[in-house]
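Since chain A is already given, all that's left is putting chains B and C on it; use the hints.
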Amino acid sequence: MIRLENLTVSFGGVTALDALDVELTAPVVGLIGPNGAGKTTLLNVMSGFVTPRGGDVFLAGQRLTHLRPADRARLGLRRTFQQEQVVEELTVWENVQAIADHLADPRRGRAEIARAIGRVGLSGKERMPGAHLNLLERRLVELAKTLVGGPKAILLDEPGAGLDEIESRRLYTLLKDIPGELGAQMVVIDHDAEMISSFCEQTVVLDFGRLLACGPTKAVLNDEAVRRAYLGSASS
Amino acid sequence: MTMQDVFRPFDGARLGLRSQPHAPLAVLVVLAVTGVAFAGSSYWTSVATSTCATALVVAGTALLFGRLGLVSLCQFALAGISGWATLRIHHALHPPFEVSLVLGGLCASVIGVVWGLPALRIRGLYLALVTLMLAGAFQVVINVTGFPNGGPGLLGQVVDGPRVMMDRPAIARSDQAYLIYVAGLLLSGLLLIELHRVSKAGRAWALIRRSEQMAQASGVRVVFYKAWAFALSGWLAGIGGGAMACTFGQLDSSAFGASESILLFALTVVGGATSWLGVVVAAVLMRAVPALFNQVGVNGFVAMILFGVALVHALINAREGIAGQIIESLKSGKSAGNRAERQ
Amino acid sequence: MSFRSGVSAFAVAAAAVVFSGGAHAAPNCGLANGKKADGAPIPIGAIVSATGLDDFSSSAKAASAYFKCVNDNGGINGRPVEYTVLDDQWRPDVSAQAAASLIKDKKVVALVGDMSIPGCGANAAIYKAEGVVDIPAVGVVRECFNSPNIAPINAGPRLSAIGISRFAVEKLNAKSLVCLTPKIPGAAEWICGGMEAWGKLRNVKVSTVTFDPASPDMTSIILQAAAGSPDAVVLTFSKGTVVAALVAAEQQGLDKKTKFVGLASSYALDLPQAVSPYWDGKYHVNLEFAPLDSAGADAQNWRSIMDKYGSANDPRDNFSEAGYLAAKATTQALLSLDPGKIDRAAVTTALKSIKDFKSDILCKPWYFGEGARHNANHSGLTAEVAGDKWKIIGECVDADDPELTEIFAAEKAAK
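Going down the list, the protein sequences come from chains A, B and C. For the first sequence, position 16 matches number 16 in this note's numbering, and the numbering has no gaps at all. For the second sequence, position 231 matches number 231 in this note's numbering, and the numbering has no gaps at all. For the third sequence, position 411 matches number 411 in this note's numbering, and the numbering has no gaps at all.
Just chain A, with the same shape it has in the complex (with noise of 0.2 Å):
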């Protein structure tokens, strides 16, 4: 669903990406690799906050490059950031109804909200302002909003970030099935490797802003190159 072909990114002479040629096929794809290995900055680039130096971003066979971000989120790209978004001010139902507002079918907003919202267990929240949320809450809002509108990818950029164990395979329990049921691909970014290799099919490892392995997540996290780079100085 999502290609990535030949992206090369560089700030100033760092280069944070470095000829990236890979396709996503799984529907839960994870996206691992140590500390500046690019991940972030790969989600920057599919959903149009950074420009490539060169190659190209395809989403379902459609050119992404040239378009702006909020183009790309009404052709179906959602995307949520390491640091949760919820507006305080804003319940639970506007929240979401703010992302709607943008790219759900007037006709059917309401009860797309209302779905996405019960999708992600929030349902009796609607009316809680975002202030008095906790933090799984807020991050299960920030999951809520990628839902609405048809989204066709899905990029998560740390979604448990700051969540204990046990919140973290909530969330993961929860959104595994999500793909299949809208019919979109999820790329989820996260240090642990664990919930990675219980959740994802396919893994795809940065190191370096090269792509170090690409395939499905039991083989790629026994690859002796990813162990050498990531793994193994992860664990000991």
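No wet-lab data here; the hints were simulated from the structure. It is possible that some hints are incorrect.
Simulated DEER-style distance windows between Cβ atoms [what the hints assert, rightly or not]: (1) B:PHE301 - C:LYS183: 22 to 32 Å; (2) C:GLY394 - B:PRO95: 30 to 40 Å; (3) B:ASN317 - A:HIS132: 39 to 49 Å; (4) A:GLN82 - B:LEU125: 19 to 29 Å.
All values reported here derive from a predicted model rather than from experimental measurement. Cβ atoms here follow ideal geometry from the backbone N, Cα and C, with glycine treated the same way.
Chains B and C only, in chain A's frame:
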């Protein structure tokens, strides 16, 4: 993008009064205005009128700062621009007041957007500087041209004989009636903001204020919604300026210095930029408090010193301003508890 | 701020000089019978610009002292004057509020002794609509002299400029003049416009140079004024800025070709000390009133009323003299009325019919006058810097403003 598009979908259930002590406060303010209008003091009637007119200008400032986090230091200049246009149109064509007022408001709105356009991609200190430049430029220009006062030519300056005053609206000739009229303008301005707050535009502004990147990633046309906010804010300032022009039938350039815009912004922070009550509090501080001091013979500079103290207080202790403190103190202890928990 | 502190320094200096004059005769005012007035008070108001760029409350302080004296001396046939002074903070909207408060709430019968920058422009319409008369001690802007119900005691800067221009042309043999004025809306056109219209009739070349009052770099401003080597430059601003201008002119050696003269606004007792001896006999100003140390009976009475009924801190300046005159003229007019029938209409009629009010503080008797324009005071003395004092030279000179033709004609007809 059409008007309907901006206002859709509209959730009336949230129209401001949800679980907060807004209704009693609003009743209190309405009673205060009516009380002043019928108590028979000309002085306080005229103070209340200029307080209401100023509140419209504050409302525009609060909209940009409270909803979008944008610091605009040119709101009083926009009021002056509208005031100039309102007077110019009145003296040239003598249309009904409402026509001059609406045209004046549109002028301020358009100039607010045109000046804001290059500023739409910037925020924080740089936007403050750009808007301050407009305020300064207007001060320089208006000091030379003055406001039209019935004379000939484009500038309309009387050189020989008395100034000509602008007529009050036909339905509000007396001081009391005009106070109610301006209070009505203020009410409609505040309702306009409230309508926006619970509509698509208000939610888009909330996203933009939280994070422009997130708003873009959510499909929001950031530039359009910012321009919309500038237009609305200019419109409010413009209606305020037109109302001021009509209060005494004339305007004087000395009242539209850049420092007035800065004071207005500071008092908006003191009053509280996120609620309608903050708008009212800021206007009362700017107009009614100095009037009270003047009445009891306290030196006019004392008010400035008090404002300085109040600003420091607001920045340190009361992020939602005096209005935030009032609303907070009227709310139940439970929500106060929630608030503390969050911090 | 330096402008402001300069002015207050002037006020203190002026007070000190006058106090050194020693004891004066007992104050004389109103019925002068020594009886406290205890009837129903007569409300009179004033609007001053006290808070702002400068404090212009001194005229109302003098009027207040005079009315206190009147109240201690039989009042207005037994009724005391209740004098309310409001500060408009240099703001037109506040000025209009003050007028509403005085006229509609306090129900004053007249406004007397005020000195407000925005007041005349902001309130001329309400005075007319409510049938209230205003006798400002000092009118500063055009509207003070161009409204049916306002008649200031002073001559105003336009006439002061014409008066000193006339002196420069007739006594200093100037053929070309420059009017140097701060850029204040309406003011430059009105003040320098008067000189220009007058110059046209007299075949004198008059040009206008304006500057931004907010950022005065005096040297470049004065060089600009003297650029065409005019015979005289008329300085239309107040003392602090005039001193800066004279210092700059002296440094540039401009006085070789160009004379410098000023308006009544730079007549401050300490100006001769503030400028160097270089200016001895070289700087001339027009006066709107008698010199502050005048030995005239009214001038002495003013000083003794200020000493007895004013505060020691009240400035003893020209504005104060004018406030005294406004209160005195009003009191005389009120005394002619039946004390039981003093209302706004009666007072308006009485004040409007003031004629031939004589004082040694004025060159010519003051009157209210008919019509939409009032400028009874249009002649003044000329003073010259002499050592550390001012010296009066010559007689009263009429400022023959072509705009005042009607007024001159009316005066002639009345005689």
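Consistency of the hints with the structure:
1. B:PHE301 - C:LYS183: 22 to 32 Å: holds (26 Å)
2. C:GLY394 - B:PRO95: 30 to 40 Å: violated (56 Å)
3. B:ASN317 - A:HIS132: 39 to 49 Å: Violated - the Cβ-Cβ distance for ASN317 of chain B and HIS132 of chain A, about 22 Å, lies outside 39 to 49 Å.
4. A:GLN82 - B:LEU125: 19 to 29 Å: holds (26 Å)
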